[in-house]
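Q: Here are the chains, one letter per residue:
Protein chains: 2
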Amino acid sequence: MNDATRTNPRALPMPDLRDSFPGPFPASTYADDIERHATRWLRTFPLVGSERALSALSQITGQGVARTFPAAERDDLFLCADLFLWLTAFDDAHGEATGARDPARLARTISDCVHLIAGHDEPPGGPSAFAAALGDLLARFRERATPLQYLRLTAHLRDNLFGILWEAHHFNRPDHVTMPDYRAMRGHTVFVRTVIATAEVVLGYELTEPERSLEPVRELQTAVADLAGWINDLASYAKETAHDGPGTLNLLSLLMRQHDCDLEEAFRLASRMCERRAAVAAARIAELSAGEGPLSDHAQALKSIASSYVWHIHHSRYQIQGLSFGSDPASPA
Amino acid sequence: MNDATRTNPRALPMPDLRDSFPGPFPASTYADDIERHATRWLRTFPLVGSERALSALSQITGQGVARTFPAAERDDLFLCADLFLWLTAFDDAHGEATGARDPARLARTISDCVHLIAGHDEPPGGPSAFAAALGDLLARFRERATPLQYLRLTAHLRDNLFGILWEAHHFNRPDHVTMPDYRAMRGHTVFVRTVIATAEVVLGYELTEPERSLEPVRELQTAVADLAGWINDLASYAKETAHDGPGTLNLLSLLMRQHDCDLEEAFRLASRMCERRAAVAAARIAELSAGEGPLSDHAQALKSIASSYVWHIHHSRYQIQGLSFGSDPASPA
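Same order as they appear, the protein sequences are chains A and B.
Numbering-wise, my numbering puts 46 at position 30 of the first sequence, and it's gapless, one number per residue.
Numbering-wise, my numbering puts 164 at position 148 of the second sequence, and it's gapless, one number per residue.
So that you can see chain A by itself, here it is in the shape it has in the complex (with noise of 0.2 Å):
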């Protein structure tokens, strides 16, 4: 990566994740059938602007979603594959820059949804597609969920909409945001927690609340939640240079001011946290694994959870046509 750095002034470095997570990542055999049901989906529940976009995301949504659970059944791939599908079209249209010009716009939209989650009736704010569609969701959870599972889930949706919020007042002035901060809400803005929360729900395990309060659980979960939002990071870092220009809230921002330091030097550091985070994963991964029963299979969804996240690194969504990367040959991308 190095080399191509100096040979290519535009090369950024990223991270190089193949001990950690060597790929290949299995995937399952329904994504085509996980894209075509997200593109129904999105038919149904209008929450996408464009049909270019509608389709780019179903896509990307089809080759996620079978990553992230390559052994699950392919009506519970439908049903992740719809609530990561509203999370990302709900910031899309409502957080981040939208979100950043009226916050208190943003709080009554996410009044609407808390008043779904919260288990009542019409949303105040009258229909809408988004609340139809978080309807139809927590519906199918409820169906499918034991009743804590559905709780810790809906702790998670409630974690990610605080999440959209809190970035939305800070998306153009960070200035007050520290590195703790930032790491403390990353994992809800880029929802990776509630696909964990996700994980017990489609694959039918359950860890009992002593496992799930286990040091190395709880790390392993850390890890993966501060490695999917710090890849992600640095991924889209790249794709909003070339459109919109970067938000400045971002981990490669955060790096820049605490070290004042340029670009390249906050790709490198922020690679490298990403190596470490990975590598600590991959530790709690094989340790958990190495008995049978809710922990192994814990920790193997965390596995594909995580693979799913360095896999999106290299998705055409992030290829960015004039701004290059350092590559992982291990990707299938």
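Hints listed in this document are in silico derivations from the structure and should not be mistaken for laboratory results.
This structure is a prediction, so every number in the text was calculated from the model and none was measured.
Ideal Cβ positions, reconstructed from N, Cα and C, are used throughout, including at glycine.
Treat the hints with care, as some may be off.
[To be verified] Calculated from the model, a selection of chain A residues having no Cβ within reach of chain B, i.e. all distances over 12 Å:
1) A47
2) P86
3) D118
4) D278
[Said to hold, decoys possible] Where chain B lies over chain A, by a calculated footprint (3+ residues, C-beta under 8 Å):
5) 157 to 168
6) 176 to 184
With chain A fixed as given, assemble chain B onto it according to the hints.
A: Coordinates of chain B only, in the frame set by chain A:
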């Protein structure tokens, strides 16, 4: 009450809830113990700025919680009291006018709380009295509650925090808030659904999921939530008028805008709304109390919870010199 209105131009019509909640409202014999405990807890965790405010908050909490759960054990009453103290003190310190001045700062403060509620350790913002007190509360609830009860309680805590942030956004600019918006959020900002969630923890019953979904249960809870928020609005409007001037985000202001009426007419309309919700609650309480088991326990819990809010109207916290209310002779105050 109409007589009082005629003879005193400053008397405002208040709801007559004697038919639905006739009183006297039973109170735990531990009221003074709760007050002493509250005072100690607020010295351990300094959430309240002045000794006078600490004393007033401890006193109303002792008396209020003693009426909320008159049959509960001492330690459970302490736990509920501390929860109520924390929420009230957080709202006073960070919400309302303070939150309205800098919602982004409030979002960061809330992110510390969300971090703890989501089960993580040290909050990113570093140690604070509110974080330490919340950590203490969560540990005690985790000890006392079943996993389901704990998840339900923490879901409501998240909704309270979101409600406080939502309110901060509209505190001085309520023009975009409709009556359905307000009604949907008011149950969160008055903390009543969180209090309802503690009932199963401290009174030792548990509804099944089908029981929880029964229409009479849902309607009872919504009626009590509405009632709690609205009578709090009526009582605190007077208090706020006497001090800093009333905020513009409350039931009275919304009614004045909606009906293009004066304050007295808004009080009259709001009082009728309270009386109607109280009648619905009382009918559902009678219906659900007819049998035995958790449904009856829940109905009785809702009865005492509603009674504690009714009782609060007449507490000295809201007795303002120079502004009189139509009195409710059934009240113990």
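Q: Hint by hint, note whether the structure agrees.
A: The hints, checked one at a time:
1. Under the 12 Å C-beta cut-off, the non-interface status given to A/A47 relative to chain B holds; the minimum distance is some 31 Å.
2. Chain B leaves A/P86 outside its interface by the beta-carbon criterion, the shortest separation being 28 Å against a cut-off of 12 Å.
3. Here A/D118 does not stay apart from chain B, with its beta-carbon only about 10 Å from theirs, under the 12 Å limit.
4. With a least CB separation of 26 Å from chain B, A/D278 remains clear of the 12 Å interface cut-off, as annotated.
5. Look at the segment 157 to 168 of chain A against chain B: 4 of its residues bring a Cβ nearer than 8 Å to a Cβ of that chain, three or more, so the hint holds.
6. Check on the segment 176 to 184 of chain A: 4 of its residues sit with their Cβ under 8 Å from a Cβ of chain B, so the three-residue criterion for coverage holds.
Violated hint: 3 only; the structure is consistent with all others.
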